[in-house]
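Let the sequences and hints guide you as you build the complete structure.
Residue numbers (full-length UniProt numbering), protein chains in the order written: chain A, 1 to 102; chain B, 1 to 554.
It is worth saying that the hints were derived from the structure and are not from the lab. Treat the numbers as computed from the prediction; the structure is a model and nothing was measured.
Computed footprint of chain A on chain B; a stretch qualifies when at least three of its residues, placed anywhere within it, have a C-beta under 8 Å from a C-beta of chain A:
#, segment
1, 23-29
2, 96-102
3, 423-433
4, 467-481
We put the beta carbon where it would ideally sit given N, CA and C, even for glycine.
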Amino acid sequence: MARPFTPKVITANDLLEGDVIYFTAGNTWTRNLSEAELITDEADAQLRLLEAEKQNIRIVGAYLADAKAGPNGPEPTHFREDFRRTGPSNYFHGKQEAEANV
Amino acid sequence: MYKYNEFDEAFLAERNAQFRAQVERRIDGSLTEDEFKPLRLMNGVYLQLHAYMLRVAVPYGTLNSAQMRTLALLAEKWDKGYGHFTTRQNIQYNWPKLRDIPDMLDALGEVGLHAIQTSGNTIRNTTADHFAGAAKDELTDPRPYAELIRQWSTDHPEFQFLGRKFKIAITGSPNDRAVTKAHDVGLRMVERNGETGFEVVVGGGLGRTPLVGKVLREFLPQADLLPYLEAILSVYNVLGRRDNKYKARIKITVQENGIDTIRAMVEEAFMGLRGQFDGTDQQLLAEIKEHFAAPDFRSGSTEVFDAAYANDPVFRAWADTNLAEHRAEGHAIVTISIKAHGATPGDASAEQMRLMADLGEQYAYNELRISHQQNVILPHVHKNDLPAIHAKLKEHGLATANVGLISDIIACPGMDYCALATARSIPVAQEIATRFDELKMEHDIGHLQIKISGCINACGHHHVAHIGILGLDRAGVENYQITLGGDATETAAIGTRTGPGFAYDEIVPAVERIVEVYMARREAAEETFLETYRRIGMEPFKAALYPEAQKKVA
Numbered sequence: 001m002a003r004p005f006t007p008k009v010i011t012a013n014d015l016l017e018g019d020v021i022y023f024t025a026g027n028t029w030t031r032n033l034s035e036a037e038l039i040t041d042e043a044d045a046q047l048r049l050l051e052a053e054k055q056n057i058r059i060v061g062a063y064l065a066d067a068k069a070g071p072n073g074p075e076p077t078h079f080r081e082d083f084r085r086t087g088p089s090n091y092f093h094g095k096q097e098a099e100a101n102v
Numbered sequence: 001m002y003k004y005n006e007f008d009e010a011f012l013a014e015r016n017a018q019f020r021a022q023v024e025r026r027i028d029g030s031l032t033e034d035e036f037k038p039l040r041l042m043n044g045v046y047l048q049l050h051a052y053m054l055r056v057a058v059p060y061g062t063l064n065s066a067q068m069r070t071l072a073l074l075a076e077k078w079d080k081g082y083g084h085f086t087t088r089q090n091i092q093y094n095w096p097k098l099r100d101i102p103d104m105l106d107a108l109g110e111v112g113l114h115a116i117q118t119s120g121n122t123i124r125n126t127t128a129d130h131f132a133g134a135a136k137d138e139l140t141d142p143r144p145y146a147e148l149i150r151q152w153s154t155d156h157p158e159f160q161f162l163g164r165k166f167k168i169a170i171t172g173s174p175n176d177r178a179v180t181k182a183h184d185v186g187l188r189m190v191e192r193n194g195e196t197g198f199e200v201v202v203g204g205g206l207g208r209t210p211l212v213g214k215v216l217r218e219f220l221p222q223a224d225l226l227p228y229l230e231a232i233l234s235v236y237n238v239l240g241r242r243d244n245k246y247k248a249r250i251k252i253t254v255q256e257n258g259i260d261t262i263r264a265m266v267e268e269a270f271m272g273l274r275g276q277f278d279g280t281d282q283q284l285l286a287e288i289k290e291h292f293a294a295p296d297f298r299s300g301s302t303e304v305f306d307a308a309y310a311n312d313p314v315f316r317a318w319a320d321t322n323l324a325e326h327r328a329e330g331h332a333i334v335t336i337s338i339k340a341h342g343a344t345p346g347d348a349s350a351e352q353m354r355l356m357a358d359l360g361e362q363y364a365y366n367e368l369r370i371s372h373q374q375n376v377i378l379p380h381v382h383k384n385d386l387p388a389i390h391a392k393l394k395e396h397g398l399a400t401a402n403v404g405l406i407s408d409i410i411a412c413p414g415m416d417y418c419a420l421a422t423a424r425s426i427p428v429a430q431e432i433a434t435r436f437d438e439l440k441m442e443h444d445i446g447h448l449q450i451k452i453s454g455c456i457n458a459c460g461h462h463h464v465a466h467i468g469i470l471g472l473d474r475a476g477v478e479n480y481q482i483t484l485g486g487d488a489t490e491t492a493a494i495g496t497r498t499g500p501g502f503a504y505d506e507i508v509p510a511v512e513r514i515v516e517v518y519m520a521r522r523e524a525a526e527e528t529f530l531e532t533y534r535r536i537g538m539e540p541f542k543a544a545l546y547p548e549a550q551k552k553v554a
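In structure tokens, the structure reads:
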């Protein structure tokens with residue numbers, strides 16, 4: 001039996017910076033997971049992924065990642081996506097550093 | 001050491017200009033990512049979890065002070081102030097921007113460094129004994145042969161699109177410090193009837209199918225090295241599987257066809273190829289060898305060293321662990337540990353790199369080495385200079401006296417950086433090192449190698465660790481399997497799995513229990529962990545790791 005669809009966000013890496021980005025409901029990219037579009041319908045997810053991939057001049061390797069709704073927007077459900085959202089655990093680098101500098 | 005000639009310099013400049021144009025075409029949209037990816041990989045550029053990663057080759061682990069300073073410059077100018085030395089004697093930068101990478105490559109090219117073939121399905125950076133040219137037990141310096149292989153394999157038209165990556169390691173000493181038996185091809189210099197040649201080992205490798213290599217040729221004359229390697233690569237290129245990337249390495253080719261079949265095919269190909277090498281390679285080798293002539297080692301007493309060793313216990317502890325025997329009288333090989341307790345294994349800051357470059361220039365005949373164990377070596381140091389070196393290292397957090405001990409851990413970048421990883425490696429290494437430093441046990445424990453990989457690809461060499469740790473994803477949670485009894489030396493062995501894996505917060509206590517068994521069961525302090533394991537076997541360790549399972553059996 002097919003597994004039930006779980007909510008997703010579309011994520012990729014930025015072409016120039018290489019950092020993690022997320023696709024928004026407005027067809028733009030954000031560096032903040034909480035601003036990403038949370039997709040709850042399976043068919044919609046594939047269409048939205050195609051839409052995101054059209055922007056492959058700016059991005060690299062778009063894919064659907066599991067997420068869940070949180071009080072401030074989508075949140076990761078797997079530790080890999082949690083590291084992508086924040087940064088490495090040995091240094092305060094990556095997203096966590098960027099956000100601290102805002 | 002080898003110095004690039006005009007041909008080498010022009011080749012690098014042209015290659016970098018070519019890549020710069022490719023980057024521009026990717027950025028302006030002329031190239032798609034599918035078109036660009038193989039081009040960037042051929043130049044050592046990956047895209048990892050958080051950023052691009054540039055992998056720079058340190059051919060056979062040898063570099064001079066100017067090159068080390070350039071590595072520091074890259075860290076400071078285009079990265080976040082540090083670099084990560086790897087088990088292939090490379091250095092990786094974790095945070096470059098795509099647009100900056102051509103400038104980074106140009107800066108490297110100015111000092112004869114590059115990132116060519118540090119990625120892709122091609123012949124990778126040939127690695128060598130990090131004590132080459134210095135070790136007391138050495139038969140012959142293997143680096144001229146490694147340089148010959150580098151020149152032969154760089155952009156070799158037949159071997160740019162192999163089924164998978166291909167790794168060669170070379171050692172000139174009977175004590176194998178280059179893990180030759182876990183490489184696609186391992187070359188061990190041996191002597192027969194007064195002639196020095198190579199024992200050729202093929203089909204070793206770690207990853208999802210860990211195998212110790214098999215002897216393909218017991219003795220290969222030096223002059224036959226390139227045609228014989230070309231024969232091996234040609235047979236692999238034809239016979240190697242391309243239907244399944246996990247079965248594409250030569251170790252599977254050897255396993256599926258048998259070493260005798262491979263040997264027969266290689267020998268036949270070799271007979272055809274031998275005549276095509278007209279001696280130019282040997283002329284080139286002779287020129288290369290001149291570059292690797294030993295420094296003019298200075299003589300003199302070692303009284304300054306002797307006094308410091310007798311009177312300073314901190315210096316003595318460092319000297320006991322971090323020095324190795326040099327072939328020249330009054331000299332020593334210094335291993336600078338870049339594994340301070342709790343630090344990221346293999347990481348060095350730009351400031352530390354510059355200090356090591358200065359020390360290399362001032363005290364080590366302008367030579368440094370990168371070890372596959374992720375440390376930095378000063379290969380030729382007069383013993384009287386050691387107290388001054390130790391004092392400088394202490395000032396910069398580089399005097400940790402732990403080489404070969406439990407906190408001298410090899411760890412791959414793991415899920416903190418690597419897009420392939422399934423669990424983290426670095427924090428596990430940090431916590432183990434910190435824990436045993438707190439216990440003040442590591443010098444009592446003695447020689448013990450822990451190696452950690454964050455996925456089945458085994459970049460952390462966990463299969464050949466005395467205690468190997470493999471991080472996996474078990475239902476969305478990090479889980480760590482342990483292997484015991486691996487050996488990376490000339491008596492190479494693949495470790496045996498203890499049983500079920502451990503959760504992240506259970507792995508350090510599990511390692512502690514393994515060490516407790518060893519300490520309780522060793523016959524003397526001189527009996528190493530590996531010797532004890534080989535004597536008593538797996539069961540006592542399993543009993544300590546899985547007490548509940550033991551109760552059920554009882």
